[in-house]
Structure formats: structure tokens, C-alpha cells
Amino acid sequence: MIRFVVRRLLQMCVVVIVLSMLVFLWLRSLPGGPVSAILGERQTPERVAALEKALGLDQPLPVQYLKFVERAVHGNFGVSTKVLPGEDAFQVFLDRLPATIELSVLAMLLAIALGIPLGYLAARRRGSITDTGAVIFSLVGVAVPVFFTAFLLKYFFAVEWNLLPVSGRQSTGLDATRVTGMFVLDGILTREWDASWDALKHLILPSLALATIPFAVIFRITRASVLDVLDEDYVRTAEAKGLTTRVIRARHVLRNAMLPVVTTIGLQIGGLLAGAVLTETVFSYRGVGDALATAFREKDYPVLQVLILAAAVIYVLVNLLVDIAYAVIDPRIRTR
Amino acid sequence: MTQTQHTNRPRGGSSEPLLSVRDLRVTFQRQGEEEFHAVDGVSFDVRPGQTVGLVGESGCGKSVTSLAIMGLLPGRGNRVSGSAIFDGEDLLTLSPAAMRDRRGSEIAMIFQDPLSSLNPVISIGRQVTEVMERHQGLSRKQATPKAVELLERVGIPDPKARLLNYPHQLSGGMRQRALIAMALACNPRLLIADEPTTALDVTIQAQILALLKELVVDTGTALVMITHDLGVVAGLCDEVNVLYGGKVVERGGRHGLFRDPRHPYTVGLLNSIPRLDAARGEKLSPVPGSVADNLPWTSACAFAPRCSQVVDACTRETPQWEGDQVVGHRCFNPMGGTR
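Protein sequence lines correspond, in order, to chains V and F. For the first sequence, the positions run 1 to 336 when UniProt numbering is used. For the second sequence, the positions run 1 to 339 when UniProt numbering is used.
If you are wondering where the hints come from, they were derived from the structure by calculation, not from laboratory data. In this text, a Cβ means the ideal position worked out from N, Cα and C, and glycines have one as well. It is possible that part of the hints are untrue.
[To be verified] Chain F regions said to be covered by chain V (calculated; three or more residues, Cβ under 8 Å):
#, segment
1, 115 to 125
2, 130 to 144
[Stated by the list, open to error] If the Cβ cut is set under 10 Å, some of the chain V residues that face chain F in the computed set are:
#, residue
3, G127
4, D131
5, D231
6, D233
7, R236
8, T237
9, G242
10, L243
11, H252
12, R255
13, N256
14, D330
15, R332
The shape of chain F in the complex, shown without the other chains:
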């Protein structure tokens, strides 16, 4: 086991973490309904300049994790516990005003659907400049040339003319570029991207991913990439966290995880990607079933009903984390392990 951990270690794992999430729990409670644990004790680290992936199916808690870190969960009906230490401060206990000062300047976020994430009645230019007006104390006039530079940097052609455009006048890819420009306006140290390419077609997806990669390398911004797409992970992330039912079930460096996945769920995700080099007629093998609404992590492994490797222990007790903050998994009967 110890040997495995060493070969699986991602690069750049030496410096102090920029963001350190520990035992994050988010519980939703609606009147007259049972509590729902959307995030159930998630821990991970992000080091400066590192790209960390949070991977999983819909409903596994990856978006809720990011919204909780940003302090953007809807006000009522949820409970957040644990800690998210960013630069020595726990983001979860900061006052709303202090959090407001950090959002957009220290930590920025890009969302999934670029059209609905942009305000339809405000010009692109204004939506870019308002971040700088807020955090850098610039006037609108001072911020405008900077907005032109930003739009140019994210690859929007004729940026000066685009300032006056409204979101509906831009294509999907251009809208996502504009959102990225807004997120990067104040040179944040951490960028959280919540499925930034899901709403785009494949060629545009590749462009946006390449742009993100280039920007984080150039600026040294740390990136948390939330995705269900292991292809995105393979191309971008240094470290990967696989989430299932609100818990991290496997973690590892990109190369290690793809070469030698341990958790059956990770294996399932990898097998469900279509491959060009697969033999003709070979069927895809998706993970059977879907994420259950009520997660039985309390007395069993939540993945057990869908697992091909299930053993007696899986339905009797909760699997514990085997490993550390860099490499590990949560499984009674892990696969591989030949390394």
C-alpha cells in the first residue's frame, strides 16, 4: 500500500496549500422532509498554481462543494460545517461582507451555462468593468481599457466593439470567454470552474480548455475544475478527486489515477468513455444504475448497490479513507494494486 502511494503522487505537491478543505459537510433540510447530505465530509487541498479536479456524476456533490466554498449557497434550508482554509482564513466562518471582498478578487468562479450566467440587459463591457470597479477602486472609465485587454487575452476578436455588445449577440464560446475574462479581471489566486465546457460543442470545449490551461499556467492561478468528464481531467488536472454520494472515494495524481485506478467507481467512469482504439463492436460498459437519493454512507458503502466488486463488508459498514491528502481511496475491495 505504501509503495502504491508513492508512485501515484502528483507533481507540485510540496508547497503549502492555498486552499485546504477539511471535512466539509453540506446538509439540506426542507420543511417536513428528511435531511439530505449533499456533501458528506469532503477534504482536499489545492496548492498555488495547481489544477485540481473534482469528478463525479450529477448529484455527487461537486457543485455544492464549490458553492459552499464560495459562500454562494442559497441562504435558507442548508447547514454547512467543516472548514475551508484559504490563505490562513476559514472561508466558512468569514462574515458575509468579508467574503464579498474576497469573491471576485481573491477567488473567482466560472459557471456552467454561459448564456444564463450573463445578465441579458447589461453590456459585456459593463459586466467586465464592474468587477474592477468593485475590487480595484477604478472608475468605469479607468477600467474600460483594462476590459479591452482582458477580452483580448481570452481570445475575443475585436474586443473594443464587443464591449458594447449584449450577451445574446455573442456565440456560446465567446460568452464563456467573456465569463472567464470577468473571473480573471482582478487576478484571483484561485479560480473555480464549475463544468465550464458542458454547455458548449466539442470543438469549442477544446478551445476553452486550452485557454484555461494557458491562463492558469501564465498567471500561476490555482484552478479547481469541476467536471463529469474524465477527458477534461486527463487534459488539465494535476490531481483528481473522484466524488460519489458526497464523499471523495478516490484521489490521486492524473497519471497514477488513469494508469491504476483503485476504486470500482473510478474504473467504471474510465470504462464508460468511448475509445477510438477499442475493437469494433466492443460495447461500452457504463456504471449501472444511478446515484441514489438517500445515501446509506452511515452503515454501508453508498456505491455498493452499483458495484461489481462488492464483498460482505460493503453492506455492513462504512469504508474508511485509505491513504492521505495526496493519494488514497475509500473501498473494502479495491481493484488493481499490482503496482
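So here's chain V without its partners, still in its complex pose:
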């Protein structure tokens, strides 16, 4: 098991190195470039040349890349130019991370808590109204773009019916103590219940919007997987043993059916950031996704580099966790 984890971590290093090259080259091939982004309308050929020399952009790309790597290893990714001007780019990522973690965790919990039981129920009652209804609902969930779902939720629940806050992470003017940067958790830790409740209310709509696609995918995979497992010979063996329905469902059906679902959950967690960019933008939710959108729009290259690399590392780490979870559930992988 330890060897397995170490091997996967080494693989991750390779992935990160290759990806850093790609991000580096890709950003430098974009039209415009950092110099014109910084100078804006004040650019003249002389100023451009001077700034390029100052920034080291006149040197060959491999040299630039090695310098970038050297600084990056020391945690220096440069300084943000637009998202939070003057702030260390890595610090921008760290500042925004808790908000996105909070949003993603709630969205995934919603998707899992609804997707797995509903998928199981639909499979048990295959062909019933429950099944058909849930399948159609999940199809809509996958088909409708996140920004549209987000907009609809915002329009009805926040604007029309005034049930929930329109945007942001917490009401302004609320005197809340910060501990982790995850506002709901902070409120719980400091026993400022009103702050926690306020932050949670702000989270509901964005997390619902973000949860739709993972929910739909988890639901469909659970349903298909349970249907497969119900037909397995070992379920018939369990029936032949006279085991109670509860034991057969929990021990024999669900555990086997969870294998593909775990993989799916991992992939969905990896894909959350893409959804977060849209959701956070619609709800003006100050998280990593919002920072990424701003950095793109404003050509904040240092921040972009940090965020893209960080997203990749998180993706690979989540996949590692999924593989470990898989090995815990399935002994065939553990002993191989």
C-alpha cells in the first residue's frame, strides 16, 4: 500500500513538471503578453523593450522557464498585477482557497447525499415513475449549463422570492472572527452562530448550482452500477443463504456497486473547479474560480500560472485519494 502511494506521488511529480511547461509555453503564446498587459495604453516600443529586459522576457524561453522553476520551487510565483495588485500570486491563491473548498465540499456533499440514495432507489424500482422521473431530472441536470442553472436559482430564490442572499459570502457589516477562512466553519469554531448561519445562507444557491452536474453523473452511475450488481450471481447466493434484505443490500449490493461510483466522485471533484469558475462568477463569490476568471480577463499572468498549476496538483491528489479508496473497498486491487 505504501509503495503504491509513493509510486503515485512520483507519477504526480512528473505530471506537474510537464504541466508547468505547458502552462508556461501556453501563456507566452497568448496574444498581448504580460508587457502590454502591464503597460496598457502607455506602451511605446522603447518602454516595451525596457520592461521586457527588466522582466527577463528578452532571454530565450528555456532560460525563462528555468528561472520560473527556480523561483517557483522557493514558493515565489511573482506578484499579482490585477486580481490583487502588489500581492504575492501564491498568497492570492491561498486567500481564495478556503472559500472554494467550502463551496466545493458542500456541493459534493449535496451531490453525493442525493445522487447515491436516489440512484439506488431508481435501480430498485426500475421502470417505475420514481425511476423515470429521476432519470429525466438527472438528464436535465447534465444538459443545462452551470451558468444558466446558477442564473435561474439566483433569479427566483434571491431576486423574485427574496428567500436567500443574491451574492457574496457573508453579509457586509457582520462582525465575524476569521480562523480558517471557511466562514461557516469559523462561525462554528468561534461559536458565532449567526455568522455561521449567514455564511451558510450565502452558500446554498452557489452550492446547488455547482452540485447539479456531479449529482446527475453520480446518480446515473449509481443507478447503472446497482442494476448490474443486482443481476450478479453472488447476490443470488446471498438470497439463497436466506440473508435479510437489509444485509443483502448493504453488504452485498451497495459495496460492490460503489466501486464505479467512487471513481466518478473523484473525477467530479476534479471537475468542480471548472464549475466553480462559472458559479463563483454568477454569484460574485470570492473564491479560486472567481480569481481565475478575473486573472484571465485582466491578463494577470502570475496568478494564472499559480491557479492552473494548483488546480492540476489538486486534481492529481484527488485521483490518488480515489485510488486509495478503491483499494480499501476492493481487495482484488489491494493484493495485486
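The hints should help you fit chain F onto chain V, whose structure is shown.
Relative to the frame of chain V, chain F by itself:
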């Protein structure tokens, strides 16, 4: 005819039957398709300690018969009628909960493919103990030493270590032994074995059959052996039922049936077994054709299209059962009869 029945009678036919199946019918109905009679009025008895064989080709209804008795047919799309009296109760009319109480404790079953019949993510030990936890009210801890004994009894070496193994870590023969251990965990009075050796190689087949024989003799468990292999029947069964197209076409004691088969289908099955004492170059004579999907038992003999002994009556009316619950056949033009 009466004389024939006497010489053909199997041993141990005197006591009250433990399981008495009467006119069992299973019909499958799929939307937009014609009804399919998988089992078409099967009757047979199993007495305590007796081994009864159900023999036939794929599709003759032998597995469906056993699943119907166990109450394990898939929930929708089938209709079961007739009766299966086990110990005074009709298994076919018992509530699902009552049937659940009997399965695994009174009646147990072993399936064909030992790998797919074992849960891949649960340890062998747990799969053995869970039966005892369910039916004997034991805790997992109490059931574990019993599981070790069971594994030892079915011939699994180093049973204590095997408890922690998963199915993929065992060989095919060991897996089938583990399944047998699970089936015998609560000392059932009836064991149904559905082609338990088909997925195993020949040497292992012989071991498993010997084990089954030893276990049923030791414990007095009655055994219903479902197989397409007459070799298995010859070595194991007291009484044999030959099935074709969902009906029993011939029944008899092991010795009588092999010595003097009456139904042309039984003769065909016997002739299709390769024999070591056959002359060199002599060809095997298999039963020609295959089981037809739509069975014309309603107005003819379903075996007529493949039969070498066919007479006019075979294609005009359904042959009736000639005999009783112990010996008999269903044929207009039976073979042999010289006895």
C-alpha cells in the same frame, strides 16, 4: 409393464418424501412476446437422505425448476404454479419472509460458477459466518470457530488462514468447497446442487463429487443434483429424472435407468457419452438437433423432431406419463422393454 417397474425401482423408496414437487409449471412472459413454458408440469419426490438427479440439456428447465423451489426466480415476468411440499408446507405459497427463514437453514443451494457466485469484496470467512449469524443467532465471533470447522470438513487446507482470504485468492476447486461449506453451515435437510462441477476441471470435478457424496451420507442430507452429465448421475444419484422441454420424460433408479433406458432421449444421452471400452474408430452418436425454443408439448411430443423412434402418434398427440412417482416414462414407442 408392471414387471418393468418393479425391477427398476430405486432403493430407499419407502419413507415419506421430504420434498414432493407436483405439477410444477413456470411460465416466462415478456412484453410483446409469446409465453414461454420453461417448466411444464414437473413432478418428483425426494426422500430424506436420498440423492435425486435432474438430468437434461441446457434449456430443458432443470435450473428453473430448482430456482422455483428455492423462490429465487426473478421477481417479474414469470408465473409459477403447482406445489412443492417440503416438510408439510408448500414452499411456493410461503410468504417471502418465511421462505427467507428456510433458505440457507432448511434448504441450501450450490451454484454452477463458484467464482461469480462468491462476493468478490467480502472475505471467505465472513461469507461463511453470515449464514450462521442469520439463522442460528450467533455473533460473528461465535460463528468464526464453526466456520473454521466447516472449511476443514470440506477439505480446505489451513482453514484458519483461508478465513481472511478473498475469493480471487482461491483456486476454482477451493471456491466450490467454500460454497459447499456455506451451504452446509446450518445443517440443511435438503441441498440443491445446480451443476456444481461444470466450471471445474475433471480431476477437481471428481474430488467435489466425492466430497458431496461423503457429506450427504455423513449428515443424512437429501440432495437434488442438477446436471447434464450422466457420468455424475451414475456416480451419485439414487433416482434419476430425465427432463426434456420442461417435462420429465423418464424416471428410474440409477441401475435400472442405465441398464434399460426406455425413452429414446435417455438412450441418446447415454450413447453420446464417450466410452473407453468402445471399439476403435467407432463414432459417437449424439442426439441430433437442439432443444427447440417453442415447445410443441400441447399437441405432440416435443422430442419427436429429433427422435429416431418416431411413430404417427408422436406428432398428433401429447404422450402421457406411463408409470408412477418412482419409475416411468413419457413415450408412445419406448425402447427396450425386454426386462
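Going through the hints against the structure:
1. 115 to 125: holds (count 8)
2. 130 to 144: holds (count 4)
3. G127: holds (9 Å)
4. D131: violated (14 Å)
5. D231: With a closest approach of 9 Å, the D231(V) hint holds.
6. D233: Holds, because the Cβ-Cβ distance from D233(V) to chain F comes to roughly 4 Å (cut-off 10 Å).
7. R236: holds (6 Å)
8. T237: holds (5 Å)
9. G242: Because about 3 Å separates G242(V) from the closest Cβ in chain F, which is inside the 10 Å limit, the hint holds.
10. L243: Holds - the Cβ of L243(V) comes within 10 Å of chain F, reaching about 5 Å at its closest.
11. H252: Holds. Min distance 6 Å.
12. R255: holds (6 Å)
13. N256: holds (6 Å)
14. D330: Given a least distance of 6 Å, the restraint on D330(V) holds.
15. R332: holds (5 Å)
The structure fails to meet hint 4 from the earlier list, while all remaining hints are met.
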